[in-house]
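Two chains, two frames, a set of hints: combine them into the complex.
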Amino acid sequence: MCATCGCGSEGPRVTTFEALAGSGQGHGHGHTPQDHDHEHEHAEPAPRTVVLEERVLARNDLLAAENRRRLAERGVVAVNLMSSPGSGKTTLLARTVRELAPRPMAVVEGDQETLLDAERIRATGCPVVQINTGEGCHLDAAMLRRALDALAVAAGSLVFVENVGNLVCPALFDLGETSRVVVMSVTEGADKPVKYPHMFRTADLVLVNKVDLLPYVDFDPELCAERIRRINPTTQVLLVSATTGEGLAAWYAWLGTSGTAG
Amino acid sequence: MHELAITQGIVEMIVERTDSARVTAVYLRIGKVSGVVPEAVRFCFDLVAAGSPVEGARLEIDEPPGRARCRSCGCAFAVEGLVVLCPCGSADVEVVGGDELLVRAVEVV
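Protein sequence lines correspond, in order, to chains A and B. Taking my numbering, the leading residue of the first sequence gets 1, the next gets one more, and so forth. Taking my numbering, the leading residue of the second sequence gets 1, the next gets one more, and so forth.
Just chain B, same shape as in the assembly (with noise of 0.2 Å):
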């Protein structure tokens, strides 16, 4: 459960990069293989908003897939997760996209 002090992170930045303006939505990047799972950041921004200028903000979070570049081949191919073979048969495969971990932006007033 890292959600918890992820989300915590990123309230925490959020307040400081916008000068505890009062935040009225939240734009979040988190990759499909970032080890970071959306539903618990969901789960747990509204709990540690709470009494934050980022409290009631909206949560915008977009989710780029999981990309792979094959060292072997050097054939890139979409993932799923980190237990990937390329089509080659090689294992030694590198993500080179979808582990993103990212605020955006947020919208303030």
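So here's chain A without its partners, still in its complex pose (with noise of 0.2 Å):
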């Protein structure tokens, strides 16, 4: 157990949905912890040194670089989308499968708790599947695995892959998307591209989100773009409103073109 936030050992659910059937149920599934009983020799031989040279991420990596593997071969294309904890990604996700369908897509949405931003997406008719990381703070590659055996995804959709509300854990994760989007909302400030660096410095698009507030409160869109590129000089931002509407043709047309992108 964590003292600094909690974590413990319990691992990630799964929860998948039948088209307005009543919800699944999340099955357990166990990290096992190390476990083994050691014999100790008596007679302590002396230490030798084994030369590992491993990238602590290159598992993850490996599993992402299959799940990339496998969406190119069926033509799917995965955006993953990250940010701080309230920036609307939900609003804006619910929003944009209602206005591209019927093109062919699905949702994977991930949260330490709850099934709530399921239940919203399926409210929309598109398919979705709950990840619940319990005490984890981000997705990793081997959970959107399971959540893509679990969807059963058509070829050629764009998956959406909601990411835990985090701006930190969620940078250092390649899950195999295509691209990788940041959303953030002008109510969060125009400092979070610079104070939250790893997140901004890999994302193919940043969308401001919540243009609609801008009369109330204090946030430079233009600071904002300009921190934006100071960590990011090759990323696209885009100004918009999940309330609204605003500035979201541009983002539709983005992801239109996004299968070549990241």
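Everything labelled a hint here was simulated from the structure, so no lab data went into it. Watch out, some of these pointers could steer you wrong.
DMTMM-like cross-link-like pairs, simulated, lysine to aspartate or glutamate; straight-line CA separation at most 20 Å [what the hints assert, rightly or not]:
1. LYS195(A) with GLU94(B)
2. LYS195(A) with GLU226(A)
3. LYS195(A) with GLU80(B)
4. LYS195(A) with ASP99(B)
5. LYS32(B) with ASP62(B)
6. LYS195(A) with GLU222(A)
7. LYS32(B) with GLU60(B)
8. LYS32(B) with GLU80(B)
9. LYS32(B) with GLU54(A)
10. LYS32(B) with GLU94(B)
11. LYS32(B) with GLU63(B)
12. LYS32(B) with GLU226(A)
13. LYS195(A) with ASP220(A)
14. LYS195(A) with ASP92(B)
15. LYS32(B) with ASP99(B)
16. LYS195(A) with ASP212(A)
17. LYS32(B) with GLU100(B)
Pair ranges (Cβ atoms, derived) [to be verified]:
18. GLU99(A) with ASP19(B): 50 to 58 Å
19. PRO64(B) with GLN112(A): 32 to 40 Å
20. ALA50(B) with ALA46(A): 24 to 32 Å
21. GLY89(B) with ALA250(A): 27 to 35 Å
22. GLU94(B) with ARG55(A): 12 to 20 Å
In silico negatives: residues of chain B with every beta carbon more than 12 Å from chain A [as the list claims (entries may be wrong)]:
23. GLU63
24. PRO64
25. PHE77
26. PRO87
For glycine and all other residues, C-beta sits at the position ideal for the given N, C-alpha and C.
In structure tokens:
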């Protein structure tokens, strides 16, 4: 148990949703902590050094490469949406899947707990699967693999992966997505890109949401875009409002061409 | 707090690569701009290693500094974080070092 954030060892749960049927039951996936009984030699031999030189994220990255290959084989574009909690990702997604229908789409929802986001997407009629990470603070490639298996995504689909709301941890984990989109909102302040540079560094697109609130908040879109480009000179920045629909045409246009991004 | 998952990955990898031999020391490389906080890995390490063959191992972490190269003028320079400007004024800068996250070696008995 981690005293800093309360992380425990309970593994992620994947919940699938039958179309208009009762909600699925999650099932636990136990990470098995090592539990070896170790026989000690009484004559302690001298320690020897074993050179490993292995990247810590190598296994995740291997699984991510496998996800990427499988998605590409089926012509599926996967967009990983990352943001702080409350930036409006789910509102944006619900509107997006409604307005882009009947294009084949699916959504993978990531949250520590509850099926609330998946229920909102399901109400649109779009296929959805919920990953509850339990104590985990990000999605990883193995979780996406399980979610994609559970979803049985149609060839040629556009898959939105809503990562756990967190501007820190998801940045390090490649899921095998086609492209990465960071969503921020004008209520969060224009300083977030420089405070959380890892997140913005790998974004193919930054959506600045809730621009309908600009008259009421102290947020300078130009300054924000300049700060984003200091971290990531090649990324695109779009100002949108998932509530009023402002700017969403540009987001949809970007999605139409994002099969080659990332 | 992705350091917990990172540390779990480190311990699992070591146990697998060493066939569950008893590990007395672990040598990590965590670059200064890797996005991982060495103190947090230290904090998690004992908790994660408990009950595994890595329990009680000494943890040594070297932290290479960040290095960057400017795509505009080509000059290389040291960086403290990811918010960097080249002395020439360009923000088009590529991190070329200090982003490593490696298990370098272990000592086993």
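Structure-based check of all given hints:
1. LYS195(A) with GLU94(B): OK: LYS195(A) and GLU94(B) at ~18 Å, within 20 Å.
2. LYS195(A) with GLU226(A): holds (14 Å)
3. LYS195(A) with GLU80(B): holds (13 Å)
4. LYS195(A) with ASP99(B): holds (18 Å)
5. LYS32(B) with ASP62(B): holds (9 Å)
6. LYS195(A) with GLU222(A): holds (17 Å)
7. LYS32(B) with GLU60(B): holds (15 Å)
8. LYS32(B) with GLU80(B): holds (7 Å)
9. LYS32(B) with GLU54(A): holds (18 Å)
10. LYS32(B) with GLU94(B): holds (15 Å)
11. LYS32(B) with GLU63(B): With Cα atoms ~6 Å apart, LYS32(B) and GLU63(B) stay inside 20 Å; holds.
12. LYS32(B) with GLU226(A): violated (25 Å)
13. LYS195(A) with ASP220(A): Satisfied, since the Cα-Cα distance of roughly 16 Å is no more than 20 Å.
14. LYS195(A) with ASP92(B): holds (18 Å)
15. LYS32(B) with ASP99(B): With a Cα-Cα distance of about 7 Å, the restraint between LYS32(B) and ASP99(B) holds, given a limit of 20 Å.
16. LYS195(A) with ASP212(A): Not satisfied, since the Cα-Cα distance of roughly 24 Å exceeds 20 Å.
17. LYS32(B) with GLU100(B): holds (8 Å)
18. GLU99(A) with ASP19(B): 50 to 58 Å: holds (55 Å)
19. PRO64(B) with GLN112(A): 32 to 40 Å: Taking Cβ atoms as reference, PRO64(B) and GLN112(A) lie about 33 Å apart, which means the hint holds.
20. ALA50(B) with ALA46(A): 24 to 32 Å: Roughly 25 Å apart at Cβ, these two residues keep to the hinted range, so it holds.
21. GLY89(B) with ALA250(A): 27 to 35 Å: Because 30 Å falls inside the window, the suggested range holds.
22. GLU94(B) with ARG55(A): 12 to 20 Å: Holds - the Cβ-Cβ distance for GLU94(B) and ARG55(A), about 19 Å, lies within 12 to 20 Å.
23. GLU63: holds (14 Å)
24. PRO64: holds (14 Å)
25. PHE77: holds (16 Å)
26. PRO87: At about 15 Å from chain A, PRO87(B) clears the 12 Å cut-off, so the statement holds.
Checked against the numbered hints above, the structure violates hints 12 and 16; every other hint is satisfied.
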